[in-house]
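Participant: Using the hints provided, position chain W relative to the given structure of chain X.
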Amino acid sequence: MTADTLDPLIHVPSRLRILVTLAALNHGDTLSFTRLQNMLDLTPGNLITHLRKLEDAGYLTTEKTGNGVASLTSVTLTRQGRSALEVYIKALRALLDGL
Amino acid sequence: MNGTHGTGEAGTVDEGGELDPREAALIVKQTAIQARRQFEPASPLAAVLGAAVFLFGYGAVWWSMRDQHVYTGPAGWSIAVLYVLIAASAVVGSRVSRRATAGVSGRARRQMQAQGAAVAAAGVGAWVVEGAPRYLGVSFKIVYGVYGPTVPLIALAAAGAGYAAAREKWPELGVAIAIIAVASGSTFFGPLGACGLTGLGCCIALLVYAAVLTVWLRLPPSAQQ
Chain X
1 MTADTLDPLI
11 HVPSRLRILV
21 TLAALNHGDT
31 LSFTRLQNML
41 DLTPGNLITH
51 LRKLEDAGYL
61 TTEKTGNGVA
71 SLTSVTLTRQ
81 GRSALEVYIK
91 ALRALLDGL
Chain W
1 MNGTHGTGEA
11 GTVDEGGELD
21 PREAALIVKQ
31 TAIQARRQFE
41 PASPLAAVLG
51 AAVFLFGYGA
61 VWWSMRDQHV
71 YTGPAGWSIA
81 VLYVLIAASA
91 VVGSRVSRRA
101 TAGVSGRARR
111 QMQAQGAAVA
121 AAGVGAWVVE
131 GAPRYLGVSF
141 KIVYGVYGPT
151 VPLIALAAAG
161 AGYAAAREKW
171 PELGVAIAII
181 AVASGSTFFG
191 PLGACGLTGL
201 GCCIALLVYA
211 AVLTVWLRLP
221 PSAQQ
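From first to last, the protein sequence lines are chains X and W. Numbering-wise, the working numbering puts 34 at position 34 of the first sequence, and it's gapless, one number per residue. Numbering-wise, the working numbering puts 84 at position 84 of the second sequence, and it's gapless, one number per residue.
Same shape as in the complex, but just chain X (with noise of 0.2 Å):
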């Protein structure tokens, strides 16, 4: 088994990070952009990117209340998101059991 196996997507520091502290939370329900930015201290825009790629991955949802500087964006892991993340775990372990 080679590092190949891993899944492309989630195998990035920041995404992985994403997704980790997302799967810590109960399934359905969702984190507030600004609380996951200050967990993970990354920037707003390093941050919206990875989310949008993990987005159109189906890993997570993202949604959008209030308008302006009153708006709020809150992320939630998916069933799809949090298989994947624990696919990516075992295959990650059965990796480095063989090395």
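Read the hints as simulated data drawn from the structure, not as lab findings. All figures in this text were calculated on a predicted structure; none of them were measured in a lab. Glycine included, C-beta positions come from ideal geometry on N, C-alpha and C. Possibly wrong hints are sitting among the right ones.
Per the computed footprint, the stretches of chain W lying under chain X, defined by three or more beta-carbons under 8 Å from a beta-carbon of chain X, are [claimed, not checked]: (1) 33-45; (2) 90-104.
Pairs of lysine-lysine, DSSO-like flavour, derived with a Cα cap of 27 Å [stated by the list, open to error]: (3) Lys53/X - Lys64/X; (4) Lys29/W - Lys90/X; (5) Lys53/X - Lys90/X; (6) Lys29/W - Lys53/X.
Facilitator: Here is chain W on its own, set in the frame of chain X:
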């Protein structure tokens, strides 16, 4: 994505390059531990404060009654000490809980609200029932000396134990059961025992819980299952 954030920094996005599998495993472990700690509404500090409430609050009540050969009840100052400590502990617990759930919505928040309602109902119900035996002629010594410091506490701990069991929160379940056991057992030792043993026993149980929780929050999620 967020009205207050632009996407102008997208060009600096970190794609990670060649991420070593060992490094990835470390990121998974560290991030999971950090997330659990930040989302966890229980805190070792709140547990230590709870232990202080039992030691000094119940201790004050016990101290004020220790020389009574005939039960006349605790001194007013000791009741005041107990309630001030309970209020301070509730404020700290509430702040810790709010900080942990800030920005989180959905099932977790609803569960916490439901838990709060269940625990409050159990505590208020047990406290109200205290009036019934007194109304039926049971002595002050039993109603206020033995029932008062133990039964509402047992009801609160039982509600907490049910919630902890449903969410598989083993340290919380353990401390709730310990509190129930200590408070139940102390009722056999009269008003002094009810206050003294409950205060001391629950203080020890909460200190042990704080130590366990400290270790628990440092474990990787796979080891917490």
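Participant: Each hint: holds or not?
Facilitator: Hints and how they fare:
no. : hint              : result
1   : 33-45             : holds (count 5)
2   : 90-104            : holds (count 3)
3   : Lys53/X - Lys64/X : 17 Å, holds
4   : Lys29/W - Lys90/X : 13 Å, holds
5   : Lys53/X - Lys90/X : 22 Å, holds
6   : Lys29/W - Lys53/X : 23 Å, holds
The structure fails none of the hints (numbered hints given earlier).
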